[in-house]
Amino acid sequence: MIYLIIADVSLIVSALICWILDQQLCERMNSVDAFNPQLHAWWHVISALDCHFGIVCGEAMRLLSIKYQQHQIKHAHG
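Just so we're aligned, residue 50 is where the sequence shown starts under this note's numbering, counting upward by one.
Treat the hints as calculated values from the structure; they're not laboratory data.
Note that the Cβ used here is the ideal one computed from N, Cα and C, for glycine as well.
Certain hints may be false.
[As the list claims (entries may be wrong)] What follows is a list of derived Cβ distance ranges for each label pair:
hint, residue 1, residue 2, range
1, SER59, LYS116, 24 to 32 Å
2, HIS101, ILE122, 17 to 25 Å
3, GLU108, ARG77, 19 to 27 Å
4, GLN119, GLU76, 30 to 38 Å
5, PRO86, HIS124, 32 to 40 Å
6, LEU113, ASN79, 40 to 48 Å
7, HIS124, LEU53, 51 to 59 Å
8, TYR117, LEU74, 58 to 66 Å
9, MET110, ARG77, 20 to 28 Å
10, ALA125, SER63, 26 to 34 Å
11, HIS89, HIS120, 29 to 37 Å
12, ASN85, LEU113, 39 to 47 Å
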């Protein structure tokens, strides 16, 4: 579970770095004809992956919570 959370946070930080660099360096990078890393496009790709990981993390936490509640009920009555 912790690996999913670390991956989720790492993705959003990476996406934000791409977005901030794109905002700050866009004019400079566009003036150089040979090199344009398309950071805005990477921001979209990484953000989409982060959305997926966020949903997976949320579902994993929900399922763990349900399993924990069922365990508590089982031991409270048994």
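The hints, checked one at a time:
no.: 1; hint: SER59 to LYS116: 24 to 32 Å; verdict: holds, 26 Å
no.: 2; hint: HIS101 to ILE122: 17 to 25 Å; verdict: violated, 32 Å
no.: 3; hint: GLU108 to ARG77: 19 to 27 Å; verdict: violated, 42 Å
no.: 4; hint: GLN119 to GLU76: 30 to 38 Å; verdict: violated, 57 Å
no.: 5; hint: PRO86 to HIS124: 32 to 40 Å; verdict: violated, 55 Å
no.: 6; hint: LEU113 to ASN79: 40 to 48 Å; verdict: holds, 47 Å
no.: 7; hint: HIS124 to LEU53: 51 to 59 Å; verdict: violated, 27 Å
no.: 8; hint: TYR117 to LEU74: 58 to 66 Å; verdict: violated, 47 Å
no.: 9; hint: MET110 to ARG77: 20 to 28 Å; verdict: violated, 42 Å
no.: 10; hint: ALA125 to SER63: 26 to 34 Å; verdict: violated, 44 Å
no.: 11; hint: HIS89 to HIS120: 29 to 37 Å; verdict: violated, 46 Å
no.: 12; hint: ASN85 to LEU113: 39 to 47 Å; verdict: holds, 43 Å
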